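Each protein sequence line maps, in turn, to chains Z and P.
Just so it is clear: in the first sequence, position 262 is 264 by the working numbering, and no numbers are missing.
Just so it is clear: in the second sequence, position 61 is 104 by the working numbering, and no numbers are missing.
Among the hints, a few may not be true.
[Stated by the list, open to error] Straight-line distance between alpha carbons at most 25 angstroms, and here's what the computed DSS-like set of lysine-lysine pairs gives:
no. : chain 1 : residue 1 : chain 2 : residue 2
1   : Z       : K209      : P       : K108
2   : P       : K108      : P       : K121
3   : Z       : K10       : Z       : K240
4   : P       : K63       : P       : K45
5   : Z       : K99       : Z       : K10
6   : P       : K270      : Z       : K93
[Stated by the list, open to error] Partial list, derived from the structure: chain Z residues whose beta carbon lies under 10 angstroms from chain P:
no. : residue
7   : K48
8   : I63
9   : T66
10  : P67
11  : G75
12  : G121
13  : E123
14  : G126
15  : H222
16  : P226
17  : A270
18  : D275
19  : P276
What the hints contain is simulated information worked out from the structure, not anything from laboratory work.
Bear in mind the structure is a predicted one, so any value in this text is a computation, not a measurement.
Backbone N, C-alpha and C define an ideal beta-carbon position, used for all residues, glycine too.
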Amino acid sequence: MVRDTSTKLCGIRLDNPVIPASGTFGYGQEFAALYDINCLGAFSFKGTTLEARFGNPTPRIAETPAGMINAVGLQNPGVDHVTEYELPQLKQVYNKKIMANISGFSLEEYVEVTRRLAGQEQIGWFEVNISCPNVHGGGMAFGTTARGAAEVTAAVKKAADKPVIMKLSPNVTDIAAIARACEEAGADGISLINTLLGMRIDLRSRKPVIANTMGGFSGHAVLPVALRMVYQVYEAVKIPVVGMGGVTNADEVIEMMLAGACAVEIGAANLVDPYACRDVIAALPQAMEKYGIKSLQEIIGGAH
Amino acid sequence: MKKEIYIIEENYPLTASVYKMVLRGDTSAITRPGQFVDIKLAGFFLRRPISVCDAREGRLTLIYKVVGDGTRAMSALKAGTELDLLTGLGNGYDLDKSGDAPVLIGGGVGIPPLYKLARELCARGCHVKVVLGFNTAAEIFLASEFRELGAEVYVTTADGSSGISGFVTDALKTLDYTYFYACGPEAMFRAIEKIARTSGQYSFEERMGCGFGACMGCSCQTKYGSKRICKDGPVLTREEIIW
Numbered sequence: 003m004v005r006d007t008s009t010k011l012c013g014i015r016l017d018n019p020v021i022p023a024s025g026t027f028g029y030g031q032e033f034a035a036l037y038d039i040n041c042l043g044a045f046s047f048k049g050t051t052l053e054a055r056f057g058n059p060t061p062r063i064a065e066t067p068a069g070m071i072n073a074v075g076l077q078n079p080g081v082d083h084v085t086e087y088e089l090p091q092l093k094q095v096y097n098k099k100i101m102a103n104i105s106g107f108s109l110e111e112y113v114e115v116t117r118r119l120a121g122q123e124q125i126g127w128f129e130v131n132i133s134c135p136n137v138h139g140g141g142m143a144f145g146t147t148a149r150g151a152a153e154v155t156a157a158v159k160k161a162a163d164k165p166v167i168m169k170l171s172p173n174v175t176d177i178a179a180i181a182r183a184c185e186e187a188g189a190d191g192i193s194l195i196n197t198l199l200g201m202r203i204d205l206r207s208r209k210p211v212i213a214n215t216m217g218g219f220s221g222h223a224v225l226p227v228a229l230r231m232v233y234q235v236y237e238a239v240k241i242p243v244v245g246m247g248g249v250t251n252a253d254e255v256i257e258m259m260l261a262g263a264c265a266v267e268i269g270a271a272n273l274v275d276p277y278a279c280r281d282v283i284a285a286l287p288q289a290m291e292k293y294g295i296k297s298l299q300e301i302i303g304g305a306h
Numbered sequence: 044m045k046k047e048i049y050i051i052e053e054n055y056p057l058t059a060s061v062y063k064m065v066l067r068g069d070t071s072a073i074t075r076p077g078q079f080v081d082i083k084l085a086g087f088f089l090r091r092p093i094s095v096c097d098a099r100e101g102r103l104t105l106i107y108k109v110v111g112d113g114t115r116a117m118s119a120l121k122a123g124t125e126l127d128l129l130t131g132l133g134n135g136y137d138l139d140k141s142g143d144a145p146v147l148i149g150g151g152v153g154i155p156p157l158y159k160l161a162r163e164l165c166a167r168g169c170h171v172k173v174v175l176g177f178n179t180a181a182e183i184f185l186a187s188e189f190r191e192l193g194a195e196v197y198v199t200t201a202d203g204s205s206g207i208s209g210f211v212t213d214a215l216k217t218l219d220y221t222y223f224y225a226c227g228p229e230a231m232f233r234a235i236e237k238i239a240r241t242s243g244q245y246s247f248e249e250r251m252g253c254g255f256g257a258c259m260g261c262s263c264q265t266k267y268g269s270k271r272i273c274k275d276g277p278v279l280t281r282e283e284i285i286w
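Please construct the entire structure, taking both the sequences and the accompanying hints into account.
Structure (structure tokens):
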């Protein structure tokens, strides 16, 4: 039997639900050198700000049981470099729609980055990062209150010519309220979860491992937290939900869709195995067969 | 870069904390000395980046120091075990800059990648000098292997228990050379930087996420812009480094 892996995200058809998550896939080139990245459902490029940013001091990486912590701090070459260099380069190796992940330190910056990416036909969606735990005064500062999240949503919506997906932080007390605030402000979709704020301490030096003290915890270990929050948000809003957090294999893609995700981002797994997304996509039909699933779209939210 | 399954042929201690692991597998992605591999270990989320000591004809030699849980687990692996490796990572050393009498300077566990470099420079007909720095005589490894390549070897120990008493710079300051290649702790690099009389290349270490340029976990700033230690490095030229 033919298994239908396709899904839809804000009206755009995806061949499969697998989307490499922002910050784990650069602007695609490192992976395009290894395999044909047109097998992906879509991909979310590195969080992009108005100006180029170097990010935080190193060490930026720490290991955890079944996961990792990063405090990169939104290192990126700036939006103009992305439109002038990265997007044309990407066109050579990737002919599907891109999710433009953007970030900012003020409402004005979010709007300006969106404006400068508007009109790019390669872009299918804006994914608005209001949840980066590794920068001060931006990122997560907007995403931890319903009001801040709504303000960014409304501002970006005015400048955007593509569906706007708000990427939420799990570091909040009521994820449903923030998702609802985004929906009411005009968001076309919600993606979650960004990383959980965490830390590790080196026993020899008795100091934090990460130079920035704390960082974003991700990887296989966070899957249950992500599933729970996707489940909650699916019940709270009518707009599509993109699920992510700890997904590593085809079974977990299905689990995330049962929780309510119409598409699934894979993040930290790409860093451990550069072929992770390709292999998960290849394994999907077999997993669907195992669980008696004819079409992935039929199971979205099936656990409710 | 290639992702390959290797089989361990040998894995044994050279000193109290330094181990040698020889693996069999496809080494074709390893094109330059100074590159590294990234090893998946059961029970650990992130891979372990380890510099290539030597690679040829399907045989990969790694020399690593047990410094934490990951390398401790590595040291317990038996011959016959299969390991999942990303190979051919990083830029490696540029041999074309060497001149006819380069000096290779290694400190402790920074020494292994200099072995493949020395072998290839000797094969090119260079007169290769090697300065190897250790804390004490009991920690010395690889010195005789460098001699067998035909290199002129100078061993220094911080406690004076073998070779020249002092640091690598105590040997370096007495030598003539056309270029230098260094690998070791950053404190050693800073000492070399004060006395080196030629241009050269340093190989850096950093905590890495992916090892192949995707996560920006190991970025550093250079005079020519930001670079990723794993992909644009680990070897940086003396001219570009901001100390």
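Per the CB criterion, is H222 (chain Z) less than 10 angstroms away from chain P? holds, 7 angstroms
Satisfaction of the T66 (chain Z) interface hint, Cβ to chain P closer than 10 angstroms: For T66 (chain Z), the interface hint holds, since the closest Cβ of chain P sits about 7 angstroms away, which is under 10 angstroms.
Would the stated hint for P226 (chain Z) survive a check requiring a Cβ distance to chain P of less than 10 angstroms? violated, 16 angstroms
For a C-alpha distance cap of 25 angstroms, please report whether K10 (chain Z) and K240 (chain Z) respect it. Holds, because 14 angstroms separates the two Cα atoms, which is no more than 25 angstroms.
Does the nearest C-beta of chain P fall within a distance shorter than 10 angstroms of the C-beta of P276 (chain Z)? holds, 6 angstroms
Between the alpha carbons of K209 (chain Z) and K108 (chain P), is the straight-line distance 25 angstroms or under? holds, 22 angstroms
Cut-off 10 angstroms, beta-carbon criterion: hint that I63 (chain Z) touches chain P: holds, 4 angstroms
Can A270 (chain Z) be said to touch chain P, with a Cβ gap under 10 angstroms? holds, 8 angstroms
Let me know if the C-beta of G126 (chain Z) comes in closer than 10 angstroms to any C-beta of chain P, holds or violated. violated, 21 angstroms
Is K108 (chain P) within 25 angstroms of K121 (chain P), Cα to Cα? holds, 17 angstroms
Cut-off 10 angstroms, beta-carbon criterion: hint that G75 (chain Z) touches chain P: holds, 9 angstroms
For the pair we were handed, K270 (chain P) and K93 (chain Z), check the Cα-Cα distance against 25 angstroms. Measuring from Cα to Cα gives roughly 24 angstroms; hence the hint holds.
Of the numbered hints stated above, those contradicted by the structure are hints 12, 13, 14, 16, listed in ascending order.
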